[in-house]
Each structure stands twice: as C-alpha cells, then as structure tokens.
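Visitor: Sequence:
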Amino acid sequence: MHSIFREPINALTHLAGAVLAFIALIAMVVKASLLGSPLAIMAAILFGISLVFLYLSSGLYHSIIASPNVIAFFRRIDHAMIYALIAGTYAPLTLLALEGPTRWVLFGTVHALALFGIIFKLVWFHAPRFLSTALYIGMGWLSVFFIGPLHNVIGNAGIFWLVLGGVMYTIGGLIYGFKPKFVNWRGWGFHEVFHLFILFGSFAHFVCVFWYVF
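In terms of the UniProt record's numbering, the sequence shown has 195 at position 195, counting the first letter as 1, and numbering is strictly consecutive.
If you're looking for bench data, these hints aren't it; they were derived computationally from the structure.
Honestly, I wouldn't trust all of these hints.
To be verified - Using C-beta positions, here's what the derived DEER-type ranges look like:
{"no.": "1", "residue 1": "V144", "residue 2": "P8", "range": "35 to 43 angstroms"}
{"no.": "2", "residue 1": "L34", "residue 2": "L142", "range": "24 to 32 angstroms"}
{"no.": "3", "residue 1": "A16", "residue 2": "V183", "range": "16 to 24 angstroms"}
{"no.": "4", "residue 1": "W211", "residue 2": "L39", "range": "17 to 25 angstroms"}
{"no.": "5", "residue 1": "F73", "residue 2": "L174", "range": "22 to 30 angstroms"}
Here a beta-carbon is modelled for each residue, glycine too, at the ideal position from N, C-alpha and C.
Build out the structure end to end from the sequences listed, making use of the hints.
Guide: What follows is the structure, encoded as structure tokens:
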C-alpha cells in the first residue's frame, strides 16, 4: 500500500469521499431538476462540484509520489479547495433558503471571502496556520447571523444537520490547527482524524441540503 499512496489513510479516506461526493452531486442535480428551478439546479451543481473538487484534490495530494515541487503544488490546490467548499456549501442555503437582498448579501460576501482565501493560500501558503484556520471557521459560522430566515425554511431538523456539520468541521479545523500530540493510534494521527471530521461535516451538510433545502 505504501508503494501506491504517499499517505495511505489520508489518501483513501478522501478518495472515498470524492466517490461519495460525485454520487451526492448526481443525486442533488436530479432532485433539483425535479423542482424545475434553474436556481436549484445551479445551487446543486455548485455544492456538488465543490465537494468533488475538495475530496479529489485532497485525495490526489495525499496519494502522489513525486518531486517536492509537484507535491507542494498539489498541497496548495488541496488547501485552496477548502475555501471553494465553504462557498459551495453556502450556495443552496443562500440561493434557495434566503430571499431578497439577504440572499445576495450573504452569497456575495461568502464568495468574495472564498476568492480572497484562495488567492491568499496560493500566494502566501506558509502563512501561520491559525490565520487560515480562523478564516475557515469564521466563514463557516457566518450563517449564524441568518439563522432566523434559514430556520423558517429548513426547520428544526434542517438547522440540526446544518449546525452538526459546522461543529464537525470546527472540531476538525481545531484538530488540524493545534495538532494535538495525544491523537496518535496505529497510524491515525491528528491529520487522519481531521480527515474523518471533514467527511462527517460534509455528510451532515449534504443531509441538510438534500432533505431540507431542496
């Protein structure tokens, strides 16, 4: 296994995530198409594609055995795609669960921050880890300021899955940011556990969007 993947556990968890993300993309597009709403279809595509890109880029980065420069390139893409996923996750929430100026204010704000984050990560990749972690978490929890309008559409159950996803991502982000030494068991270090929490967060947000937004 070590001759195929540079980091076997990290590679396999997120390559599996890429396969599941592609299935989720198809499922969301089909359901959105049944609604007959171009906005719903666009939201499904944005969210689904961002999931696929995140897990595919992460899986490839942790898989490839290549020169340090090639690995560094894939690492930049991997980290930049986190911002793309955050923006993609907001697409169905803003475009379908919010209305009027609120919809476009949050949609525009999140996508502007995501663009800034992607450029920031590509240009200053070795910035202190806490800066990226703080931006990831801050962007993710912007939805708290719009919890009322969101609740009116997705209800208690939808809010539960939305918050659960945020909590999973936040725990994962904190584990990644602080790199706790005690997280180490049979090849499962902080990074491997971080990957699992990201998968859990994505699943929770998929449930929220698929069952309570569309």
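Visitor: Each hint needs a verdict: does it hold in this structure or not?
Guide: Structure-based check of each hint:
no., hint, verdict
1, V144 <-> P8: 35 to 43 angstroms, "holds, 37 angstroms"
2, L34 <-> L142: 24 to 32 angstroms, "holds, 30 angstroms"
3, A16 <-> V183: 16 to 24 angstroms, "holds, 21 angstroms"
4, W211 <-> L39: 17 to 25 angstroms, "holds, 18 angstroms"
5, F73 <-> L174: 22 to 30 angstroms, "holds, 27 angstroms"
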